[in-house]
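S.K.: Here is how the chains run, residue by residue.
Protein chains: 4
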Amino acid sequence: MDSGRLEAFSDGVFAVAITLLALDLAVPRPGNGALTHLLAGRWPSYVAYAVSFAAIGVIWVNHHSVFRNVTEIDRPTLYLNLLLLFFVVAIPFATATVAAYLRDSRYSGDTTAAVLYQCVFEGMSLAFGLLFWRVVKYGRLTVPLSEADRKRAFIRFSIGNLGYIAAIGVAFVSAPASLIIAGLVAVYYTFEQTPVAAAAPAAPDPDDDQ
Amino acid sequence: MDSGRLEAFSDGVFAVAITLLALDLAVPRPGNGALTHLLAGRWPSYVAYAVSFAAIGVIWVNHHSVFRNVTEIDRPTLYLNLLLLFFVVAIPFATATVAAYLRDSRYSGDTTAAVLYQCVFEGMSLAFGLLFWRVVKYGRLTVPLSEADRKRAFIRFSIGNLGYIAAIGVAFVSAPASLIIAGLVAVYYTFEQTPVAAAAPAAPDPDDDQ
Amino acid sequence: MDSGRLEAFSDGVFAVAITLLALDLAVPRPGNGALTHLLAGRWPSYVAYAVSFAAIGVIWVNHHSVFRNVTEIDRPTLYLNLLLLFFVVAIPFATATVAAYLRDSRYSGDTTAAVLYQCVFEGMSLAFGLLFWRVVKYGRLTVPLSEADRKRAFIRFSIGNLGYIAAIGVAFVSAPASLIIAGLVAVYYTFEQTPVAAAAPAAPDPDDDQ
Amino acid sequence: MDSGRLEAFSDGVFAVAITLLALDLAVPRPGNGALTHLLAGRWPSYVAYAVSFAAIGVIWVNHHSVFRNVTEIDRPTLYLNLLLLFFVVAIPFATATVAAYLRDSRYSGDTTAAVLYQCVFEGMSLAFGLLFWRVVKYGRLTVPLSEADRKRAFIRFSIGNLGYIAAIGVAFVSAPASLIIAGLVAVYYTFEQTPVAAAAPAAPDPDDDQ
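If you read the sequences in order, they're chains L, S, A and B.
With the first letter of the first sequence counted as 1, position 19 gets the number 19 in the working numbering; the numbers rise by one all the way through.
With the first letter of the second sequence counted as 1, position 67 gets the number 67 in the working numbering; the numbers rise by one all the way through.
With the first letter of the third sequence counted as 1, position 1 gets the number 1 in the working numbering; the numbers rise by one all the way through.
With the first letter of the fourth sequence counted as 1, position 99 gets the number 99 in the working numbering; the numbers rise by one all the way through.
Since the hints were derived computationally from the structure, they do not count as laboratory data.
Computed from a predicted model, the values in this text were never measured in an experiment.
Every residue, glycine too, gets a C-beta built ideally from N, C-alpha and C.
Worth double-checking, as some hints may not be accurate.
Estimated spans, in silico, between C-beta atoms of each pair [stated by the list, open to error]:
no., chain 1, residue 1, chain 2, residue 2, range
1, B, A26, S, T71, 16 to 26 Å
2, B, W43, A, A34, 15 to 25 Å
3, L, G4, S, V187, 20 to 30 Å
4, L, N32, S, R75, 45 to 55 Å
5, S, R106, L, E147, 57 to 67 Å
6, B, H37, A, G33, 26 to 36 Å
7, L, N32, A, A34, 27 to 37 Å
8, A, A40, L, L126, 41 to 51 Å
9, B, I180, A, Y138, 24 to 34 Å
10, L, F172, B, N32, 38 to 48 Å
11, A, R156, S, P76, 13 to 23 Å
12, B, A148, L, R152, 38 to 48 Å
Generate the whole structure from the sequences, applying the supplied hints.
M.R.: This is the structure we're talking about:
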């Protein structure tokens, strides 16, 4: 099965999810106070919007990086991709929740909200790790990897996971700090961490043991 | 007419519908109780989200399976595909309704909501069956099927229908149980039930053991 | 400029607009009466949903029919396509409005709502007529049409317009009757009314005078 | 990296953002006054909808113009494209806010709302300028530009920026006037302002000094 339609469908889901993030920016109707104050009071929404936008954007870039080196996929890959999207689609909900509870310091839910937020990202990260492993192991790659390279690729790709686990722990202490960690993980993935892709431009290696 | 744009449009609709499912996860604004309680009390939303996400995901996988073996379609196929999408698009509404009524045990609408939910799936299933039949019978397939194979394919593909009919009946007794049945039907369709697709890779290479 | 990306973008807009239609199906939260009653009382929403879904679906089919016979388009075509989408995107709003005012007979806005609804469709129809004319006249077609064929094609394609004009008039008398007319126009366009497409399968005619 | 998936993802985001604009057209439920009055009182929403629709539409046309002349892109281009989308996705929010505050003259937020609106567009414009520069400088173009042509192209493309800066200033004096300026900038970009594209149809120039 070629990966074209998997990419098209995933792009659609990424596009809708990233656009829905902005729905939470909406300010209350006129008559609820000065607009300047209303906007200023919503800074957690902007931070959460920026972090989640960056995260989904980077997930998309890496998804693109992985699949452009794959010429053929199987049915389990489609399901692992759906598992990834299952968590991606929950990101706007988690983002809106953490923003709402950070905004209103009268209520104590910010810890719970931040834990929820980081758990959604951890779930996404685990699903992406599984998907990556499946693709590298069973997909037909344009540039096949050796067993050792595959392991190295998997570790390098999955290590961001530890960032989200750390962020879950930090969330119990400080919700804003955990958001910063999530932002830093996005920065890590900004750089090329998908060695399938990195290997691609290199000439096909004769002693590659695929 | 080639099926490329039918697939692109359908992918768009599937992507939006699957993402809109998550809108129902939203929790009440701060000030309505402890967030942990709010989240815990919304378990029917998570179950309904998971079942409907799996269902739409599996519909997408099968849609993909069917159409990648079709090189040419006609106008009635476009309309049958629209009929399928007509029901797919109603899934987020049915999901939100069943979740809302399962959540709040003070009200008795859960039976009605579950029947509605299963009827939307039954409609989807009938439309998909018709679409499948049309494609297998009139579409230009990459690997044409014999009359007998076509019948077998149709029966195997349509049998999930019975699951939804059973679920409608069960919904009158227990709404949660009917959700479980819908989940089981999704599991059935997780496996290859579209023999057009199954037949396709068979032909070419005799010693292909990949 | 090839028409691929115009089609991809339009498909995205059609897909989102057709899915947003279903948002209006949402019933009130539990505690506002028996669900069976709530659902039954919302029949105008179902009728409006069905008519608008059919209309957008048929617009998509015809859009597809027109553009699959076009190999090259110019910048004004992109803008006329945007004008078409401008009205398509307003359909969910017009649909929700007409449904809300038909639902509640205590208020008299149903005439206004139905006129608004039909005006959106008339605008869509005019924009599609202009787009069709531009494509047939200046686009590079796979099967070029003679001047006479072009005129005939334009008239045949644009005649649905009269249906919407009639529907605007009827809306002043009866809102439900005007919805029926809109539905009938959708039925008219269900059949092939885009002779560019119809001409395509025929072998290139030697005495074609383009 | 070829630009196909960047375009597909961007098209998805543009399509969702342009469709979400129409959500703000929704009128209050029946029982809040005569529908004709309700509709008439919402003219700022229609103006804002039209201006923002035109703006996103024109951004899409230019995005298309730029990328159809690019055969190969790099990772930073993906991120600059995400930065552009970051602002595009905020347009429905900014549009709804300016419409809400223009609608209700009892409240004074219209200046703030208009400044916010223009700042989102200025951000979009800066991001698009950066993206354009990156593509022209480092992308593999179908028709490479000379250093002088590149500079000229960049200036011609970026000059709309000044329009948005002017609009920010004007917003402090008159919110409606600043909307008109934003509309005029959209008109400017309606015409071909992406000389990469303009150069493309010309035959490859032998003394092109790329």
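S.K.: Work down the list of hints and note, for each, if the structure agrees.
M.R.: Here is what the structure says about each hint:
1. A26/B / T71/S: 16 to 26 Å: 43 Å, violated
2. W43/B / A34/A: 15 to 25 Å: Check failed, 40 Å falls outside 15 to 25 Å.
3. G4/L / V187/S: 20 to 30 Å: This hint holds: roughly 27 Å between Cβ atoms.
4. N32/L / R75/S: 45 to 55 Å: At roughly 52 Å between Cβ atoms, R75/S and N32/L fall inside 45 to 55 Å, so the hint holds.
5. R106/S / E147/L: 57 to 67 Å: 59 Å, holds
6. H37/B / G33/A: 26 to 36 Å: Roughly 29 Å apart at Cβ, these two residues keep to the hinted range, so it holds.
7. N32/L / A34/A: 27 to 37 Å: Holds, since N32/L and A34/A (Cβ atoms, about 35 Å apart) stay within the stated range.
8. A40/A / L126/L: 41 to 51 Å: For L126/L against A40/A, whose Cβ atoms are near 45 Å apart, the range 41 to 51 Å holds.
9. I180/B / Y138/A: 24 to 34 Å: 31 Å, holds
10. F172/L / N32/B: 38 to 48 Å: 46 Å, holds
11. R156/A / P76/S: 13 to 23 Å: 21 Å, holds
12. A148/B / R152/L: 38 to 48 Å: With a Cβ separation near 46 Å, A148/B and R152/L satisfy 38 to 48 Å, so the hint holds.
The structure fails to meet hints 1 and 2 from the earlier list, while all remaining hints are met.
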